[in-house]
Amino acid sequence: MKILVCMSVVPDTTTKISFTDNNTKLNTQGVQFIINPYDELSLTRAIELTEKHGGTVTVANVGKADADAVIRKALAIGANDAIRINADPVDGQYVAEQLAHVIRSGGYDLVLTGRESIDYNGGQVCGLLGELLSWPAVNVCTRIDLENGKAIFERDIDGGRQTVTSSLPAVASAQKDLCEPRIPNMKGIMAARTKPLTVVEPVAVEFASTYRQFETPAPKQAVKLIDAANAGQLIDLLRNEAKIIA
Amino acid sequence: MTGIYAENSEGIFKKSVLEAASYASRISNGGVLAVCIGQPKDGEADKLAQYGVSKLIVVDGIPAFDSQAYTAEITKIFSANQVQHIVLANTYEGKTLAPRISVAMNASLATNVVDFPDTSNGFRIRRGVFSGKGFAIVELNKTNKVIAITPNSTELKQNPVTISIEHSQAAAHQINTEITATSKAAGKIPLTEAEVVVSAGRGMKGPENWKMVEELAELLGAATACSKPVADMDWRPHNEHVGQTGITIKPNLYIAIGISGAIQHLAGVSSSKVIVVINKDPEAPFFKAADYGIVGDAFDVLPQLIEAARASKN
Ligand SMILES: Cc1cc2nc3c(=O)[nH]c(=O)nc-3n(C[C@H](O)[C@H](O)[C@H](O)COP(=O)(O)OP(=O)(O)OC[C@H]3O[C@@H](n4cnc5c(N)ncnc54)[C@H](O)[C@@H]3O)c2cc1C
Ligand SMILES: Nc1ncnc2c1ncn2[C@@H]1O[C@H](COP(=O)(O)O)[C@@H](O)[C@H]1O
Numbered sequence: 056m057k058i059l060v061c062m063s064v065v066p067d068t069t070t071k072i073s074f075t076d077n078n079t080k081l082n083t084q085g086v087q088f089i090i091n092p093y094d095e096l097s098l099t100r101a102i103e104l105t106e107k108h109g110g111t112v113t114v115a116n117v118g119k120a121d122a123d124a125v126i127r128k129a130l131a132i133g134a135n136d137a138i139r140i141n142a143d144p145v146d147g148q149y150v151a152e153q154l155a156h157v158i159r160s161g162g163y164d165l166v167l168t169g170r171e172s173i174d175y176n177g178g179q180v181c182g183l184l185g186e187l188l189s190w191p192a193v194n195v196c197t198r199i200d201l202e203n204g205k206a207i208f209e210r211d212i213d214g215g216r217q218t219v220t221s222s223l224p225a226v227a228s229a230q231k232d233l234c235e236p237r238i239p240n241m242k243g244i245m246a247a248r249t250k251p252l253t254v255v256e257p258v259a260v261e262f263a264s265t266y267r268q269f270e271t272p273a274p275k276q277a278v279k280l281i282d283a284a285n286a287g288q289l290i291d292l293l294r295n296e297a298k299i300i301a
Numbered sequence: 002m003t004g005i006y007a008e009n010s011e012g013i014f015k016k017s018v019l020e021a022a023s024y025a026s027r028i029s030n031g032g033v034l035a036v037c038i039g040q041p042k043d044g045e046a047d048k049l050a051q052y053g054v055s056k057l058i059v060v061d062g063i064p065a066f067d068s069q070a071y072t073a074e075i076t077k078i079f080s081a082n083q084v085q086h087i088v089l090a091n092t093y094e095g096k097t098l099a100p101r102i103s104v105a106m107n108a109s110l111a112t113n114v115v116d117f118p119d120t121s122n123g124f125r126i127r128r129g130v131f132s133g134k135g136f137a138i139v140e141l142n143k144t145n146k147v148i149a150i151t152p153n154s155t156e157l158k159q160n161p162v163t164i165s166i167e168h169s170q171a172a173a174h175q176i177n178t179e180i181t182a183t184s185k186a187a188g189k190i191p192l193t194e195a196e197v198v199v200s201a202g203r204g205m206k207g208p209e210n211w212k213m214v215e216e217l218a219e220l221l222g223a224a225t226a227c228s229k230p231v232a233d234m235d236w237r238p239h240n241e242h243v244g245q246t247g248i249t250i251k252p253n254l255y256i257a258i259g260i261s262g263a264i265q266h267l268a269g270v271s272s273s274k275v276i277v278v279i280n281k282d283p284e285a286p287f288f289k290a291a292d293y294g295i296v297g298d299a300f301d302v303l304p305q306l307i308e309a310a311r312a313s314k315n
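Read top to bottom, the protein sequences are chains A and B. Numbering of the first sequence is given in our numbering, commencing with residue 56 and proceeding in unit increments. Numbering of the second sequence is given in our numbering, commencing with residue 2 and proceeding in unit increments.
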């Protein structure tokens, strides 16, 4: 079983987001970068699956050299090796084209992504890979198992969950609940130093989109406080002032 | 012609599909073509017509959802009709299909879109990024474009037209995925679609106290949600967990009870139109993000709200 885990490197969840260069870039001053939380789940699950069924876990990232420290963390958690495609992750489509190129020559049985990256929130890469590779893609999975040469997924659907059996190779995206993310231990951290991290150059791809500008949400008006002794008044305000309930 | 993929839930077109129709009708210069898979219920096509859909093509012969087969049929029809712009709702199904359709149609893809495009200088759309903490203005460079819109973010405006309905028989596809079980919480309003959400956190002390939360939600026609620790402790099911690592929601009204308002929680709910915070600590960070606030004990405030909501219903 050869598993590839696509990993994006994102600002830590506590980051206060602001922009620089005329609002064209994220202000990275003081920002801690981490493994995208959903990718931490897919990585952990991939490791669990190879522990059970044998095989290897490769981590792939589209990013520049500043991502290496975070990639080493993925190796410390337990991936066998890593590939970094040396390019700025311009958008989901660019990233997927680069990943697809690596996957085509890699002979993978299963490719995992996160449900979304918490910076771009595209939720795109899983489906894009599926179509680029002509593979089945199962999105937003809370369970990933292997049985008799097939993959068994449980995925979120609007208002519920669904169990899906899929042929391999396949691509799937990880949702919370998939597993408990592993954290690196000392042995893993030591081992990670010597695990292979291969850097490859990107293939030429037309840019499907261009990020022009960023904005932060408009600041909120001051809160309107209602006396707790007269809390029922809230319902009236919501109906007649905010006009938000019938 | 602009296209929409009209997701149907057991033959019904939900509000998010009508929003996609409304969006498509606003950006189209020549009618809206909707594609749906499987026969819609009687009268459902007329709902689409109310929002500008002039033609509906119903694909017959695909028994169950399979993203590859769906994509093949949808893009076959859009390509045959020279559709360049395709609008979908950013639901679970929409999010699964939009990327595939973009590849199959050689289109630029924008998901999580929250506004109509600005076409004064290229084709620029606004999409949510950084989990509710920002927006990006993105220019879509390719002639073909796939746009997945976040439910409840764009105006739903009627534009009645007459609709024609055609059927298309699906080709025989090799099906790689098989659905073996489906479980849906019956009778409950799905969180992702709810216009009102009543949510509670660790301040509720224990799962036995959710009766009040559920009662208020029912009176307001709301879905229920919770903070992460509440789901982690199994006080509530995981699919109710909202925030950065849970579900992102955008209801008209979000009522947060006994939730402190940590940045990761806010990331999933801060785009709600109106936010009400009930917390006994006046310093709780959530009040900074709130429109209405009540500083008080939930066990004292909730019964009052339930009573007021019930009284105003009668
Ligand atoms: C990587 C990461 C991701 C995370 N993702 C999420 C996420 O997606 N969603 C999420 O919710 N959290 C997330 N968290 C956790 C988040 O940081 C907070 O710990 C969590 O939101 C706190 O939940 P809470 O407000 O219910 O509990 P607490 O922080 O314990 O707050 C309880 C609140 O209830 C109030 N209270 C107590 N008793 C009463 C009473 N009787 N009446 C009224 N008010 C009362 C208190 O004043 C307090 O403000 C994440 C954390 C990390 C590190
Ligand atoms: N730069 C990247 N390198 C590798 N994988 C990525 C990258 N960006 C996104 N991904 C993968 O795609 C998933 C979804 O990202 P997105 O489509 O941007 O929301 C992430 O969880 C990753 O698994």
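Treat the hints loosely; a few may be bogus.
[Said to hold, decoys possible] In silico SDA-like links for lysine to any residue, alpha-carbon gap of 20 Å or less:
#	chain 1	residue 1	chain 2	residue 2
1	B	Lys274	A	Lys80
2	A	Lys279	B	Lys289
3	B	Lys281	A	Lys205
4	B	Lys48	B	Ile164
5	B	Lys56	B	Val162
6	B	Lys158	B	Phe117
7	B	Lys289	A	Phe88
8	A	Lys80	B	Arg127
9	A	Lys205	B	Phe117
10	A	Lys279	B	Gln305
11	B	Lys16	A	Gly110
12	A	Lys71	A	Met56
13	B	Lys314	A	Asn295
14	B	Lys48	B	Arg127
No wet-lab data here; the hints were simulated from the structure.
Ascending list of hint numbers which this structure does not respect:
1, 3, 7, 9, 11, 12 and 14
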